[in-house]
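Q: Sequences listed follow chains A and B, in order.
Start counting the first sequence at 1; every next residue gets the next number (the UniProt record's numbering).
Start counting the second sequence at 1; every next residue gets the next number (the UniProt record's numbering).
Check the hints yourself; a few may be wrong.
Derived DEER-like restraints, expressed as beta-carbon distance ranges [as the list claims (entries may be wrong)]: (1) B/336 x A/252: 30 to 40 Å; (2) B/262 x A/127: 24 to 34 Å; (3) A/116 x B/182: 36 to 46 Å; (4) A/264 x B/305: 53 to 63 Å; (5) B/66 x A/206: 11 to 21 Å; (6) A/184 x B/184: 28 to 38 Å; (7) A/178 x B/62: 51 to 61 Å; (8) A/264 x B/137: 32 to 42 Å.
From chain B, some residues computed to sit far from chain A (all C-beta separations above 10 Å) [stated by the list, open to error]: (9) 18; (10) 34; (11) 90; (12) 115; (13) 169; (14) 196; (15) 304; (16) 348; (17) 377.
Just so you know, the hints here were simulated from the structure itself, not pulled from any lab data.
Bear in mind that the values here come from a model prediction, so they are computed numbers and not experimental data.
Every residue, glycine too, gets a C-beta built ideally from N, C-alpha and C.
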Amino acid sequence: MLRKITLLAATLGLLLGAAAAPALANTAEEPANVHWDFEGPFGRYGKAENQAQLQRGYKVYREVCSSCHSMKLVSFRNLGDPGGPFWNPKYKNPNDNPVVKAIAADYQVDDIDTDTGDTTKRPGIPADRFPSPFANDYAAKASNGGANPPDMSLLARAREGQGRYIFSILMGYENPPAGVTLNPGQHYNKYMAGGVIAMPPPLKAGQVTYDDGTPSSLEQEAMDVSAFLMWAADPHADDRKNTGIAVLIYLLLFSGLLYLAYRQVWKNESH
Amino acid sequence: MSGHSTYEPKNAFSKWLDARLPVTRLVWDSFVDYPTPRNLNYWWTFGGILTLCLGIQILTGIVLAMHYQVGGATAFNSVEHIMRDVRHGWLIRNIHATGASMFFIAVYIHMLRGLYYGSFKPPREVLWLLGCLIYGIMMATAFMGYVLPWGQMSFWGAKVITNLLGVFPGVGQSITTWLWGGYGVDDPTLNRFFSLHYLLPFVIAGVVVLHIWALHVVGQNNPTGVDPKSKADTLPFTPYATAKDAFAMSLFLIVFAVFVFFLPDAMGHADNNIPANPLQTPPHIVPEWYFLPFYAILRAIPDKLMGALAMFGAIGCLFALPWLDTSKVRSMRYRPTAKICFVIFMVVCIILGFCGANKPDDQVIPGLAGFMLLDANANSWVWLSRIGTFYYFLYFLVITPMLGLTETPLPVPETIASPVVANAEKKG
Numbered sequence: 001m002l003r004k005i006t007l008l009a010a011t012l013g014l015l016l017g018a019a020a021a022p023a024l025a026n027t028a029e030e031p032a033n034v035h036w037d038f039e040g041p042f043g044r045y046g047k048a049e050n051q052a053q054l055q056r057g058y059k060v061y062r063e064v065c066s067s068c069h070s071m072k073l074v075s076f077r078n079l080g081d082p083g084g085p086f087w088n089p090k091y092k093n094p095n096d097n098p099v100v101k102a103i104a105a106d107y108q109v110d111d112i113d114t115d116t117g118d119t120t121k122r123p124g125i126p127a128d129r130f131p132s133p134f135a136n137d138y139a140a141k142a143s144n145g146g147a148n149p150p151d152m153s154l155l156a157r158a159r160e161g162q163g164r165y166i167f168s169i170l171m172g173y174e175n176p177p178a179g180v181t182l183n184p185g186q187h188y189n190k191y192m193a194g195g196v197i198a199m200p201p202p203l204k205a206g207q208v209t210y211d212d213g214t215p216s217s218l219e220q221e222a223m224d225v226s227a228f229l230m231w232a233a234d235p236h237a238d239d240r241k242n243t244g245i246a247v248l249i250y251l252l253l254f255s256g257l258l259y260l261a262y263r264q265v266w267k268n269e270s271h
Numbered sequence: 001m002s003g004h005s006t007y008e009p010k011n012a013f014s015k016w017l018d019a020r021l022p023v024t025r026l027v028w029d030s031f032v033d034y035p036t037p038r039n040l041n042y043w044w045t046f047g048g049i050l051t052l053c054l055g056i057q058i059l060t061g062i063v064l065a066m067h068y069q070v071g072g073a074t075a076f077n078s079v080e081h082i083m084r085d086v087r088h089g090w091l092i093r094n095i096h097a098t099g100a101s102m103f104f105i106a107v108y109i110h111m112l113r114g115l116y117y118g119s120f121k122p123p124r125e126v127l128w129l130l131g132c133l134i135y136g137i138m139m140a141t142a143f144m145g146y147v148l149p150w151g152q153m154s155f156w157g158a159k160v161i162t163n164l165l166g167v168f169p170g171v172g173q174s175i176t177t178w179l180w181g182g183y184g185v186d187d188p189t190l191n192r193f194f195s196l197h198y199l200l201p202f203v204i205a206g207v208v209v210l211h212i213w214a215l216h217v218v219g220q221n222n223p224t225g226v227d228p229k230s231k232a233d234t235l236p237f238t239p240y241a242t243a244k245d246a247f248a249m250s251l252f253l254i255v256f257a258v259f260v261f262f263l264p265d266a267m268g269h270a271d272n273n274i275p276a277n278p279l280q281t282p283p284h285i286v287p288e289w290y291f292l293p294f295y296a297i298l299r300a301i302p303d304k305l306m307g308a309l310a311m312f313g314a315i316g317c318l319f320a321l322p323w324l325d326t327s328k329v330r331s332m333r334y335r336p337t338a339k340i341c342f343v344i345f346m347v348v349c350i351i352l353g354f355c356g357a358n359k360p361d362d363q364v365i366p367g368l369a370g371f372m373l374l375d376a377n378a379n380s381w382v383w384l385s386r387i388g389t390f391y392y393f394l395y396f397l398v399i400t401p402m403l404g405l406t407e408t409p410l411p412v413p414e415t416i417a418s419p420v421v422a423n424a425e426k427k428g
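Let's have the full structure, built from the sequences with the hints guiding it.
A: Here you go:
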């Protein structure tokens with residue numbers, strides 16, 4: 001028995017070491033320790049109040065972030081997928097979802113007139129991806145003081161701290177401490193590695209008027225838009241966790257049966 | 001494969017086939033009747049678990065290759081296409097990415113088991129060498145696989161590791177250029193890495209066949225390290241070992257599933273979710289966790305060439321081990337001093353892993369001022385990795401050869417069955 005415990009402990013130790021090692025690589029200031037209800041093995045984006053948060057977060061993205069940040073990997077139809085901000089069980093096919101259709105139609109997307117070959121604009125459809133605010137990276141840089149606003153599709157998973165990092169950046173603008181001099185177009189943010197960030201403070205209290213009447217404090221806006229970006233970076237999280245619970249229940253039962261079979265086989269053999 | 005075959009074809013077809021291609025006889029002799037020591041513990045289940053890992057990686061890899069689009073402009077987005085748009089693509093990709101880490105956890109346990117119980121000693125040297133070869137090809141495969149998503153860590157990791165070969169005098173630069181297929185890591189590099197990443201797992205599978213063949217010729221080692229002497233010492237592989245292996249595999253899959261479904265990002269690095277950008281070096285380039293101890297050894301030595309040689313030498317020690325160990329006793333169960341040195345060795349490997357993950361000049365103990373020692377502060381990861389590297393080589397090159405000559409081992413049991421029977425009587 002003691003040997004079995006040692007085996008288990010050694011395996012867990014190896015696993016924890018493996019999991020902790022990349023996390024240790026981060027030396028920037030620790031992001032604020034905030035939590036969202038949809039996190040963890042039992043949290044779901046699909047829960048009513050979490051979906052409401054995603055809708056508020058989308059509004060912040062649409063009205064604030066999207067004027068500089070692209071979200072190239074996300075399609076309008078994703079908004080209506082299960083777990084998405086505008087999922088509606090009445091419209092299993094998100095392309096039929098009227099909210100999604102309206103959001104898409106609100107954007108003008110590039111197209112080519114097949115009769116003339118000229119480039120044209122047309123209203124978006126759910127199958128389109130989110131159009132980018134700038135024609136290319138150089139245009140984005142030129143309009144933003146030389147710094148390219150990162151694409152937001154995967155942003156929440158591309159930073160140590162994930163959603164917590166985004167929330168912290170939005171909340172972390174301060175006057176620079178003594179000894180830090182900022183050039184024009186630079187700002188001080190205590191959660192940014194090095195403290196200097198090119199993005200001006202994007203959010204302030206009351207910046208967005210929420211449709212559901214939630215008071216739009218700065219913290220509320222930061223929480224909501226971080227939630228939306230976490231969903232955008234990991235849109236199948238609900239499906240993943242649901243499948244995971246089923247798989248684990250199956251494997252636990254299966255392991256129990258295999259253990260009984262093993263005991264039965266070895267019943268009369270000493271070892 | 002060794003000894004007399006007990007297979008008896010039961011019906012007309014199996015008799016007909018057995019006279020022409022005795023493949024059922026081979027399977028029967030290797031996986032049913034094959035005698036296994038009766039005292040194998042759970043550490044011995046990792047051979048089967050590793051076969052499972054290889055199978056999972058190949059199956060999920062084949063499906064991923066159906067959707068992946070190799071090329072600097074397409075690779076990153078095609079992986080995201082798999083994660084977002086391919087039905088259950090997130091599942092296949094998470095299994096494959098997590099599977100690489102699980103594969104390495106299993107292989108490290110398997111190797112440490114071999115080290116502890118002396119499974120590399122005569123007559124198992126070739127078996128051990130084939131295992132080391134598999135580990136080497138695994139590292140190459142994993143490294144190239146990590147490049148394929150073409151994120152920041154993919155690109156810069158590839159650049160750092162391939163640049164290592166450039167430090168060899170004279171030919172180094174030419175070899176690097178040849179590997180890259182150009183003057184930098186670019187599309188040609190990615191293309192050939194994809195090609196080799198698809199090829200090498202099948203090479204591994206081939207060497208695994210040789211590994212199992214060699215195993216079945218010399219027979220399995222066991223926790224006592226004593227050779228089986230009679231029928232009382234062994235049990236047929238099926239159902240005894242298969243039942244135990246199946247249970248252990250199922251437990252392993254539970255851990256695997258926890259990572260796939262609930263911690264998919266735990267083993268990865270956030271920077272690899274940023275598309276590769278040759279113009280922007282990430283602030284801190286680190287390889288995957290399973291390379292970190294070797295990465296620490298590389299950086300422990302101030303000279304680049306010597307660092308690279310030390311890193312390859314660290315792996316080379318494993319190949320030389322059967323001829324470095326002078327002890328006549330296989331299992332460390334009966335070698336108290338060797339056991340202590342081995343435990344320290346394991347701890348050192350984990351510490352080296354942390355050294356590899358941290359910036360060399362950062363403080364190990366935060367806030368402790370320390371003092372300058374030669375080129376760096378004594379309270380820095382680089383000095384800790386130097387101590388670790390020293391012990392790593394001390395263990396293989398000094399302790400292992402010397403201890404076998406000087407130590408007095410505990411009494412070793414006559415047969416496998418004797419301690420087993422004694423244990424059973426003690427239990428009541």
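Q: All hints, please: hold or fail.
A: Hints, verified against the model:
no.	hint	verdict
1	B/336 x A/252: 30 to 40 Å	39 Å, holds
2	B/262 x A/127: 24 to 34 Å	32 Å, holds
3	A/116 x B/182: 36 to 46 Å	41 Å, holds
4	A/264 x B/305: 53 to 63 Å	59 Å, holds
5	B/66 x A/206: 11 to 21 Å	50 Å, violated
6	A/184 x B/184: 28 to 38 Å	35 Å, holds
7	A/178 x B/62: 51 to 61 Å	60 Å, holds
8	A/264 x B/137: 32 to 42 Å	39 Å, holds
9	18	28 Å, holds
10	34	16 Å, holds
11	90	5 Å, violated
12	115	13 Å, holds
13	169	32 Å, holds
14	196	25 Å, holds
15	304	22 Å, holds
16	348	13 Å, holds
17	377	16 Å, holds
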